[in-house]
Amino acid sequence: MTLHMTTPATTRQTVLTVDNLAVHFGGLVAISDASFKVDEGEVVSLIGPNGAGKTTAFNVISGFLAATKGVVAYKGRRLNGLKPHQIADAGLVRTFQKTSVFGNDTVIDNIMIGLHRRGDASIWQTLLLTPKVRRQEQALREAAAEILDFVGLGHRSNELAGALAYGEQRLLEVAVALAAKPSLLLLDEPACGMNPTEALNFRNLLGEIGRKKITVLLVEHNMRMVMGVSDRVVVLNHGRIIADGPPTEIQQNPEVIRAYLGHGPKHA
Amino acid sequence: MDQLLQHLLNALILGSTYALLGIGLTFIFGIMRVVNFAHGELYTFGAYMVYLFSVLLGVNFLLSIVIAIVLGIMLGALLEWVLLSRLRGADIDTTMLVMIGAWIIMQNAEQLIWSGVAKSIPMPFPEEPLSVGGVSVAWSRVFVFAVAILLIVGSQTLIQRTRLGKAMRATFQDRDTASLMGININMIYLATFALGSGLAAAAGALLGPIFIVMPTMGNLAVVKAFAIVILGGLGNMKGAALGGFVLALVEELGAGYISSGYRDAMGFLLIILVLMVKPTGLFARTERIG
Amino acid sequence: MNTLAKWLIVAFLVTVPLWLGNQYQYHVLIMMGIFTIGAMSLNLLLGYTGQLSLGHVAFFGIGAYTSSLVSLGFDLQLTDSYTFVVEPKPVWFAFFCALIVSGLCGWFVGKLSFRVRGAYFVIVTISFAEVVRLVALNWVDLTEGPMALNNIPPLASGVPWMEAGALSRRVANYYMVLAVGLVAFLIIQRLVQSRVGRAMIALRENESLAKSVGVDVTRYLVLAAITSAAIAGAAGALYAHYVRIVDPDVFLFIYTVTMVIMVISGGKGTLAGPLVGGLIFGILPELTRGHMLPEVQWIVYGALMILIVFFLPQGIVPAVQRGWATWQKRRDQSARDTSASNGRRQEVAR
Numbered sequence: 001m002t003l004h005m006t007t008p009a010t011t012r013q014t015v016l017t018v019d020n021l022a023v024h025f026g027g028l029v030a031i032s033d034a035s036f037k038v039d040e041g042e043v044v045s046l047i048g049p050n051g052a053g054k055t056t057a058f059n060v061i062s063g064f065l066a067a068t069k070g071v072v073a074y075k076g077r078r079l080n081g082l083k084p085h086q087i088a089d090a091g092l093v094r095t096f097q098k099t100s101v102f103g104n105d106t107v108i109d110n111i112m113i114g115l116h117r118r119g120d121a122s123i124w125q126t127l128l129l130t131p132k133v134r135r136q137e138q139a140l141r142e143a144a145a146e147i148l149d150f151v152g153l154g155h156r157s158n159e160l161a162g163a164l165a166y167g168e169q170r171l172l173e174v175a176v177a178l179a180a181k182p183s184l185l186l187l188d189e190p191a192c193g194m195n196p197t198e199a200l201n202f203r204n205l206l207g208e209i210g211r212k213k214i215t216v217l218l219v220e221h222n223m224r225m226v227m228g229v230s231d232r233v234v235v236l237n238h239g240r241i242i243a244d245g246p247p248t249e250i251q252q253n254p255e256v257i258r259a260y261l262g263h264g265p266k267h268a
Numbered sequence: 269m270d271q272l273l274q275h276l277l278n279a280l281i282l283g284s285t286y287a288l289l290g291i292g293l294t295f296i297f298g299i300m301r302v303v304n305f306a307h308g309e310l311y312t313f314g315a316y317m318v319y320l321f322s323v324l325l326g327v328n329f330l331l332s333i334v335i336a337i338v339l340g341i342m343l344g345a346l347l348e349w350v351l352l353s354r355l356r357g358a359d360i361d362t363t364m365l366v367m368i369g370a371w372i373i374m375q376n377a378e379q380l381i382w383s384g385v386a387k388s389i390p391m392p393f394p395e396e397p398l399s400v401g402g403v404s405v406a407w408s409r410v411f412v413f414a415v416a417i418l419l420i421v422g423s424q425t426l427i428q429r430t431r432l433g434k435a436m437r438a439t440f441q442d443r444d445t446a447s448l449m450g451i452n453i454n455m456i457y458l459a460t461f462a463l464g465s466g467l468a469a470a471a472g473a474l475l476g477p478i479f480i481v482m483p484t485m486g487n488l489a490v491v492k493a494f495a496i497v498i499l500g501g502l503g504n505m506k507g508a509a510l511g512g513f514v515l516a517l518v519e520e521l522g523a524g525y526i527s528s529g530y531r532d533a534m535g536f537l538l539i540i541l542v543l544m545v546k547p548t549g550l551f552a553r554t555e556r557i558g
Numbered sequence: 559m560n561t562l563a564k565w566l567i568v569a570f571l572v573t574v575p576l577w578l579g580n581q582y583q584y585h586v587l588i589m590m591g592i593f594t595i596g597a598m599s600l601n602l603l604l605g606y607t608g609q610l611s612l613g614h615v616a617f618f619g620i621g622a623y624t625s626s627l628v629s630l631g632f633d634l635q636l637t638d639s640y641t642f643v644v645e646p647k648p649v650w651f652a653f654f655c656a657l658i659v660s661g662l663c664g665w666f667v668g669k670l671s672f673r674v675r676g677a678y679f680v681i682v683t684i685s686f687a688e689v690v691r692l693v694a695l696n697w698v699d700l701t702e703g704p705m706a707l708n709n710i711p712p713l714a715s716g717v718p719w720m721e722a723g724a725l726s727r728r729v730a731n732y733y734m735v736l737a738v739g740l741v742a743f744l745i746i747q748r749l750v751q752s753r754v755g756r757a758m759i760a761l762r763e764n765e766s767l768a769k770s771v772g773v774d775v776t777r778y779l780v781l782a783a784i785t786s787a788a789i790a791g792a793a794g795a796l797y798a799h800y801v802r803i804v805d806p807d808v809f810l811f812i813y814t815v816t817m818v819i820m821v822i823s824g825g826k827g828t829l830a831g832p833l834v835g836g837l838i839f840g841i842l843p844e845l846t847r848g849h850m851l852p853e854v855q856w857i858v859y860g861a862l863m864i865l866i867v868f869f870l871p872q873g874i875v876p877a878v879q880r881g882w883a884t885w886q887k888r889r890d891q892s893a894r895d896t897s898a899s900n901g902r903r904q905e906v907a908r
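Residue numbers (our numbering), protein chains in the order written: chain X, 1 to 268; chain R, 269 to 558; chain L, 559 to 908.
Isolated chain X (complex conformation):
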């Protein structure tokens, strides 16, 4: 873990900035005021107790939900008001908290859908089935196989996604997101429901993803994973950011401990 500490944060360029974000649902305040940033190549974890507003923050960043107030920007470009697919085009790709794959399609077809952005055949070319379309289709199929091998699902490629084991489905989700060629990957509780072996493998995969120069923003409850993979941890509680720093610092932070343990420390 000390390995991460040696990288000086100043040399990195900030890619994602969230400024004074607020999200209200009618009278309910999901996020009151949150600001944080993510640097290029970093693995940042967003943690907090249930209902702290983590998934809400994800939904806003990825364009599934409109912010009540505040600005989200990626590489200097304002994301507010963009549609999810436009945000994916900007390089931000998310996964979902609830397992989310195309269950009635084969594993390889799932990846093919993920590769959607890499194809550019026009309607007319598609209807005429031009050589270019055939070549592109072939290239996409090869790229899909490569991605499946990368996450270790190559041997499952012709099975229905819905028929995979739970841990494999979660892996497939990440693979589908990777197929969309993200420069920033937003993972919403990817290890939730994985058994310890799967979780360990997943940690290694996260390392591999980092080596591909993909920035990662992670929401996760598995603290061992969070502390193990993150360069930085941002803690949300009651829709507000209460701490932001390297894992070792966060583990010591009294406010964070209080947030997680309720009001326990008061008695101490």
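Everything labelled a hint here was simulated from the structure, so no lab data went into it. Heads up, the beta-carbon is just placed ideally off N, CA and C, and yes, glycines get one too.
Label pairs and their calculated CB-CB ranges: (1) L:D699 / X:I123: 33 to 39 Å; (2) L:W577 / R:I381: 42 to 48 Å; (3) R:R301 / X:Q125: 39 to 45 Å; (4) R:Y525 / L:V574: 55 to 61 Å; (5) L:Q879 / X:G228: 45 to 51 Å.
Following the hints, position chains R and L against chain X.
Below, chains R and L alone, put in the same frame as chain X:
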């Protein structure tokens, strides 16, 4: 001025029966998530039952209406038991297709039994209309309005005040929690569908004598019911009641001031407009997402 | 389905006139073909994007009216001094106008419902069809209303050798319907087996996930609606020039229901589904005609629809495919078992 007042009055009376139709449909959709395409056929059924009892069998007119409503409730319960109870957990498209099938069967059965010739039902009210300050209204329409309002208030009371209503509302809010609390979901669904069907049959029983009774009368009724429900926001009961009056008003004014040929088109144009501007319905509050 | 089987079916359809002599049989075949094309177009929306269009007959009727009006010629008094006049045009030109106008209507409905899905989409499409029907009924200056447009030129008008007798006109109509059907099938096949089709299926299967990986779902929904509407419009135009009389009844809801039943029973979201459904529900009414009243026929349809949803929710084609796969697996399994036991026997013998 008097003409406008007359239109408003007509809209109020027509709106009361539209509201009945809409409440029944939204009730079924809100609680059961079933898009009930057979709703218009229950409306038709109600009208024919009044014809059967009051004209063919010579039963008292008022009693015929009561019988029609009760039979509508029973037919609804039967449909729920035969078709929908076997489809718990099926997706919304599946139940929709089954209800479309039921619609086709019921309409053609009506055609077979009653033939395509329109029937009319005489009403036992004075010919002389009730005139108040320049506007006049037939007694039969006053009667329809009174009964419709009575039924709307009655169903509201049922939902707000009774144990059954409470269970229905709980199911509407959250089916899983309701079933954990020991509410018999199957019973609730049966009651919901029966009640919604009863309201549709009531609307038919009331409007049938005013207009004419035909096997195809349900086609427009079902689409109008959907228009009403969309105006009010799917699953919103007060919205459906208001939606009924809004649709009637638009139709009445459209027919009066634009063209009577497009009377029935007004509702559909209204649906399209509402969905363009505010897909959640005119009277829906913003819901929490996710 | 493999390529050979496909070519055999096409060859069979092309040679039909060689052994079919009866006018009535042609009529059944042509009507079946027209409605199967309608079902194919509906399947693109319902089967692939997952959006049920219950107003599909609107596009069919718009195609029928457009092609009829353009081929008959019409005039519209726009202002007191200006009248827009369209002289009668050749049928092929009218047919293309029908494609374009119904495609535009598809675009309109697709755009209109860009925010609504599921039940709302169904209701938008029904409303659209109702409005169009009422316009056709009331805009008497243009459509003749309930008096109907008469004497619509037949499809093959202008082709001399086909104008000879009633039978050869039927043959010509048959080939026209077959050609349009094949082109429509090819268009739909290429769309759904491409990146475009994957995007549509993604929209059906999991809209949020599709959006998150960069699929512009509105774009593909609109695209599907345009294509679907244009093909339905083509079917409508074929119908108009075949029957040669068009009235507001072309917008009858039962036509939509016929197409829906064809798609659902055959298997939505499969290429062969609407063809199988079209075959069954194209022939069934003819077989039962004379034995049943039309109302009873419809009751049987409704009942069949419910039974199919209950017992074959995926439709006939996927059920057959699954049955075939299971049978093959079992056959392979038993073949392996016998060879294994043979091997064991040999070992014992040794």
